[in-house]
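Q: Can you build the whole structure from these sequences, using the hints too?
Taken in sequence, the protein lines are chains A and B. Reminder that position 87 of the first sequence reads as 99 in my numbering, one-by-one numbering, no gaps. Reminder that position 113 of the second sequence reads as 124 in my numbering, one-by-one numbering, no gaps.
It is possible that part of the hints are untrue.
Straight-line Cα separation of at most 27 Å, DSS-like style, residue types lysine-lysine; simulated pairs [said to hold, decoys possible]:
id	chain 1	residue 1	chain 2	residue 2
1	A	Lys83	B	Lys25
2	B	Lys82	A	Lys112
3	A	Lys54	B	Lys20
4	A	Lys49	B	Lys68
No lab work stands behind these hints, which were simulated from the structure alone.
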Amino acid sequence: GESVGLHLPTLSVQEGDNSIINCAYSNSASDYFIWYKQESGKGPQFIIDIRSNMDKRQGQRVTVLLNKTVKHLSLQIAATQPGDSAVYFCAEIPPLNTDKLIFGTGTRLQVFP
Amino acid sequence: NAGVTQTPKFRVLKTGQSMTLLCAQDMNHEYMYWYRQDPGMGLRLIHYSVGEGTTAKGEVPDGYNVSRLKKQNFLLGLESAAPSQTSVYFCASRDRRGSSYNEQFFGPGTRLTVL
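A: Here it is in structure tokens:
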């Protein structure tokens with residue numbers, strides 16, 4: 013079946029360093045991949061998406077990379093700040109039903125001074 | 012704009028009781044979703060709606076029912092609550108088109124405990 017998963021459950025980084033959060037997906041036919049951020053006690057918040065015909069997309073301090081050969085997605089956060097501490101989820105829009113999102117299990121990012 | 016709001020924020024039920032969770036959005040979005048999130052896990056889709064008067068099953072629909080009588084509201088019902096339904100429930104909405112097509116807007120969540 014379809015599944016989206018993450019390599020690391022917890023990532024600890026020092027403030028100011030760059031963070032890289034990884035995600036593996038199984039459905040090579042998915043058209044869009046999306047990253048969400050969830051702060052403690054809040055609902056998830058959209059960060060950035062990337063279409064399957066792209067390899068890279070940049071936002072404000074974030075870059076998403078898509079490697080379709082190995083079905084791997086990553087989120088890079090530049091100059092990580094304490095406010096970046098959260099759980100990050102990757103999600104995909106499955107090809108057979110573009111009305112839905114399938115979420116991965118999440119990676120917790122901890123930023124220490 | 013209030014965005015997506017959920018009522019109630021917290022609730023404790025006894026096994027077998029029923030309740031309804033209310034989700035409201037003021038962004039005129041066509042699509043609305045109900046998810047559950049268990050500790051250390053991602054979000055799993057319960058039911059969703061692509062427009063007023065329509066609903067569809069997600070990944071984990073058993074034990075839940077939904078209704079979308081008005082475009083701005085999406086109700087999630089538990090007819091006979093079970094301890095396995097203890098979870099945090101999130102509602103989300105999404106625009107049908109436009110630059111934010113892939114962006115789902117989430118509510119703050121409802122924490123439900125079934126004893």
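Q: Please go over all the hints and tell whether each is borne out by the structure.
A: Here is how each hint holds up against the structure:
Pair hint A:Lys83 plus B:Lys25 does not hold up; C-alpha atoms about 44 Å apart against a cutoff of 27 Å. Of the pairs offered as hints, the one joining B:Lys82 and A:Lys112 holds, with about 18 Å between alpha carbons and a cut-off of 27 Å not exceeded. Straight-line distance between C-alpha atoms of A:Lys54 and B:Lys20 comes to about 11 Å, which keeps the hinted pair within the 27 Å bound. Between A:Lys49 and B:Lys68, the direct Cα distance comes to roughly 25 Å. Compliance with the 27 Å bound is thereby established for this hinted pair.
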